[in-house]
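Engineer: First to last, the sequence lines map onto chains G and S. Under this note's numbering, the first residue of the first sequence is numbered 676, with each subsequent residue one higher. Under this note's numbering, the first residue of the second sequence is numbered 47, with each subsequent residue one higher.
These are computed hints drawn from the structure, not numbers from a lab. Keep in mind that this is a model prediction, so the values were computed, not measured. Be aware that one or more of the hints could be misleading.
What the hints assert, rightly or not - Which bits of chain S does chain G cover? Going by a derived footprint, with three or more residues having C-beta under 8 Å, they are:
#1 103–115
#2 129–137
#3 146–153
#4 164–171
What the hints assert, rightly or not - As a list, the in silico SDA-like pairs of lysine to any residue whose alpha-carbon atoms are at most 25 Å apart:
#5 S/131 / G/1460
#6 S/178 / G/1408
#7 S/131 / G/1403
All residues carry an ideal CB built from backbone N, CA and C; glycine is no exception.
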Amino acid sequence: MFQDLRYAVRLLLRSPGFTLFALLALGVGIGANVMVFSVLDAVLLRGLPAPQAERLVRVYEEWEPAWPYSLASAPNYLDWQKRNNTFSELAACRPKDLTLERSAGPERVKGAAVSPNYIRLLGVSPTVGRSFLANEDQIGSSHVVILSEGICRELYGSTENVTGRFIRLNAESYQVVGVMPYGFHFPDETIQLWIPLAFKESELANRGNRWLSVYGRLKPEVTMAQASQEMSRIAGNLAREYPKEQTGFGIRLTSLQEDMVGSERPGLLLLQAAVGCLLLIASINLANLLLSRSLNRWRELAIRASLGASRSRLVRQSLVESLVLGALGGVVGIGLASLGVGSFKLIAKSLLPRVSEISIDPGVLAFAVGLSISVGVLCGLAPSLAAPKQPQTGLRESLRGSIGSLGQGLLRNILVVSQIGGALVVLSCAGLLLRSFLNLRGSDPGIQYSERTLTATIALPPVRYQDDASVRTFYRVIQEKLNQSSEVKSSGAITFLPLTPGDCDISFQVVGQAPFAQGQQPVAQYRVVSGDYFQAAGIPLLAGRFFNQQDGPDSPHRILINRSLAARFWKTPLAALGNQIENEDGWSATIIGVVGDVHHFGLGVPVRDEYYYPLSQSPHYGVGGTSDALEMALVLRAKDGVNPGTLVPILHQIVNQTDSTVALSRVNVWSQLIADSIGNRRLDLWLVGAFALATMALSAIGLYSVISYGVTQRSREIAVRSALGASRLEIFRLILLRALRLVALGMIIGLFASFCVCGLLQSLLYGVTPVDPETLIGVSCMLLVISLFANYFPAQRAMRISPTTALREG
Amino acid sequence: MNSELRTVNPEPLIHLDGIKKVFLTDEIETHALAGIYLKILQGEYVAIAGPSGCGKSTLLSILGLLDSPSEGAYRLNGRQVEQLKLSERARIRNREIGFIFQSFNLIGDLTVYENVELPLTYRGEMPRSERKQRVLESLDRVGMSHRQRHYPNQLSGGQQQRVAVARALVGSPSILLADEPTGNLDSKNGDAVMDLLSELHQGGATICMVTHDSRFAGYADRTVHLFDGQIVAENNENEGEPAPRAVGG
Chain G
676 MFQDLRYAVR LLLRSPGFTL FALLALGVGI GANVMVFSVL DAVLLRGLPA
726 PQAERLVRVY EEWEPAWPYS LASAPNYLDW QKRNNTFSEL AACRPKDLTL
776 ERSAGPERVK GAAVSPNYIR LLGVSPTVGR SFLANEDQIG SSHVVILSEG
826 ICRELYGSTE NVTGRFIRLN AESYQVVGVM PYGFHFPDET IQLWIPLAFK
876 ESELANRGNR WLSVYGRLKP EVTMAQASQE MSRIAGNLAR EYPKEQTGFG
926 IRLTSLQEDM VGSERPGLLL LQAAVGCLLL IASINLANLL LSRSLNRWRE
976 LAIRASLGAS RSRLVRQSLV ESLVLGALGG VVGIGLASLG VGSFKLIAKS
1026 LLPRVSEISI DPGVLAFAVG LSISVGVLCG LAPSLAAPKQ PQTGLRESLR
1076 GSIGSLGQGL LRNILVVSQI GGALVVLSCA GLLLRSFLNL RGSDPGIQYS
1126 ERTLTATIAL PPVRYQDDAS VRTFYRVIQE KLNQSSEVKS SGAITFLPLT
1176 PGDCDISFQV VGQAPFAQGQ QPVAQYRVVS GDYFQAAGIP LLAGRFFNQQ
1226 DGPDSPHRIL INRSLAARFW KTPLAALGNQ IENEDGWSAT IIGVVGDVHH
1276 FGLGVPVRDE YYYPLSQSPH YGVGGTSDAL EMALVLRAKD GVNPGTLVPI
1326 LHQIVNQTDS TVALSRVNVW SQLIADSIGN RRLDLWLVGA FALATMALSA
1376 IGLYSVISYG VTQRSREIAV RSALGASRLE IFRLILLRAL RLVALGMIIG
1426 LFASFCVCGL LQSLLYGVTP VDPETLIGVS CMLLVISLFA NYFPAQRAMR
1476 ISPTTALREG
Chain S
47 MNSELRTVNP EPLIHLDGIK KVFLTDEIET HALAGIYLKI LQGEYVAIAG
97 PSGCGKSTLL SILGLLDSPS EGAYRLNGRQ VEQLKLSERA RIRNREIGFI
147 FQSFNLIGDL TVYENVELPL TYRGEMPRSE RKQRVLESLD RVGMSHRQRH
197 YPNQLSGGQQ QRVAVARALV GSPSILLADE PTGNLDSKNG DAVMDLLSEL
247 HQGGATICMV THDSRFAGYA DRTVHLFDGQ IVAENNENEG EPAPRAVGG
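In isolation and in its complexed conformation, chain G is listed as follows (with noise of 0.2 Å):
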């Protein structure tokens, strides 16, 4: 064996050329499968780290259709709490904005109200200091704080002495209790704090105010359906105590690893697909080469065969020496992936969950030697399949009189049509997520000017806006400041800025229809806005008007809502008009006017119905009954010629004049919130494509050597035609010919697998279908022209071939 693996060595060393590429393609191929096997792994596969993560769950209220994964509000939370049997914990969290003081002046930073169970439900403690103790939900003693690793030394430097410190959040001051481990930010990687969720009264006396995440963590010998039984028993219960609220809701259960990455599992597993189609195409390409030296290895190997080598012991040999090209490979590859993964966690920081937790930890490591070893055994099987049974084969054949033979260059061409086919596929797929991409960028999100508006996040901390003169004058003055400016057009505010996340939704009734029963209301998105902010989006009127000076606190209660709701109900934007509705709380306004649909939720995501309160008359249905106007984002557009970013300067000095105690957040250009809005789908085009065009390149390299290997052996073949008096051209176009006639058989089992395989991209894609002709065609035409490419040169070679050949080497 040693003798082999020396000898393989050699034969590496003697072919430079050969091994560099081997080992480049092997390289790209496995550090690319390591690569996105680590995101898998640590995304999808491994378990979540806590301790007996497969026992936590996620709690939902469920109200189907239109609200499958509802929040739960705190009284259901805490009924659900005293009367299951089947969770040892039942913990709740609400993730905020809030404003931390620093001395370089406030700063938004990300962070959890939880309930005090909430970090020993997980199963973890804090590095340093304590958890929160039973009694800090209560109003009044809930002033502590337990930080992040990293918030924590980026505010003291350390970790040590910092539990009694003080900081202010929201303008209050909390005390710094706790320090969680490196690396823990549940419940998303943008958390940086914990304080206590304390509920207040008029949070716990508002049932329909669906505003927790619930999490459980099920008790040991308690299986999710039975969990999922008790609970559906417990949700009846509380829907016949208080049928108002909890009529139609029921209780979803989901395990807590599937409600944080189910949705990125089929981007995951599309691009794991699409790295082992490269990595399937690198070893074909070197099975082929490896195929080629064989052949002409031939005559070696009847030497050695003459010499005594048994059959098995020349195919051991062909399998070393791939084998030693497989473990280069992979050990290439690990370095690739290694960098590749350092890359993609900065990339995809925000795009993916549990991205810290993405390494190459053993686990992957033995995914890399296990691949290494499987790519080995493959590459080496075609040339031992290929080699002469019997020894004198191989010296023979250079005595024929014939040139080439049937089948010799058979498990060549299979090899390269399953390349062609294999890189039509993975192009397939990469071409269909980017005309999902170009028409999910290209579709209109109902806003128009994005390019030319400034938004930013404002929140008002509640200590020092508890009431909503307060709130509302703040707005008004601000806006009044930014309308003065000679730079900003118009300006206005908004609860949940369009394409970012955060909804609040309510049950109505048409007032003057008849009435929906209860537990089927239609429901309808609500949002507070301010100021001119129609205008400043460019979101058209479409019949009535917008809000105006008019629309005050004690004026009567009006609305603006979408086309959709206009549609659903009154078919017409005009018909709407004048029509009053009224919301599951009592609260009831008349339609003054009919604005265009926003695609809140993403551009990808169809339109809900929708409807605007002004700032003046908002009804409060925020988070603890507080004002929803605490939190707004500000909308500024610029005046024509004056670049949105130049408002940044401008807003700050406004916010500060106004209270320097107020912090900006997420202050961006409306467009590039966009395009960040679909970061997911660029993140995998970007993936796919570059796979895609890896595998094509690989594909065109492998058609490339077989196709200039054919001319080679052919060239005696070549020098007859040519003494039988055939062109140059011929010659050439013979050439192109054999080529294409394999490249069209792998473009129509590729498109065939095309068929099966795009199916599976359905959830992906966007504005088009999984057999789309137009990009089956795109991606045939570009597979054909590369193929052409690549076969130009052997072609142009073999018409360059001397037909005196054939006479000389006769």
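Following the hints, position chain S against chain G.
Structural biologist: Below, chain S without anything else, positioned relative to chain G:
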């Protein structure tokens, strides 16, 4: 064969006038042919003989328009051909010249029929029915019609060479150029192929054959002896011993 060319043609079919061929390898000039003066008449059977390395194959390459001379003039069938473009040379090769190689050079992926048909496919304009008729006639002449669907590797060496002869004949060329046609055959098959060439010659074919075997040279009407790139002697079949020839003339 091309009968209208053969009937009345006072000019030699092949006329070489001072043909030289110099190969340049590593700045060393090798004079493969050093001034060849040769005429081959219509219907003649000429053997070119000489030891290995004397320039026989180079001469045959130039005769077959596979290579071009460094100097000198070459008239084939009354036409100056030494300076033709590659495409024109290919056209003439296809129509005027039939090659028979030592190692047969049949194409392994093509059947016997397809191998023989190959030169006709390069003519382009010939209808399929005519091609078929000519292929079958040609195979019939060499006694290989019954093997038309076989592949070369299913044939013996002698049979392969007969197919190669059929391929050379199928285009009705003005001349058959044979390069050691018996080199890869046993004596029995070698004799059979030589008999076949004689038969063709008797039927009117012009043949120029390269051989180093004096036994086979005896089949020809005339033998040209080459040495160091020059014709050093010529003899006719009936004249016995070769007559020395002045170099350059």
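Engineer: All hints, please: hold or fail.
Structural biologist: Results of checking the hints against the structure:
| no. | hint | verdict |
| --- | --- | --- |
| 1 | 103–115 | holds (count 6) |
| 2 | 129–137 | holds (count 4) |
| 3 | 146–153 | holds (count 7) |
| 4 | 164–171 | holds (count 4) |
| 5 | S/131 / G/1460 | violated, 31 Å |
| 6 | S/178 / G/1408 | holds, 23 Å |
| 7 | S/131 / G/1403 | holds, 11 Å |
This entry does not satisfy hint 5, going by the numbered hints stated previously; all others are met.
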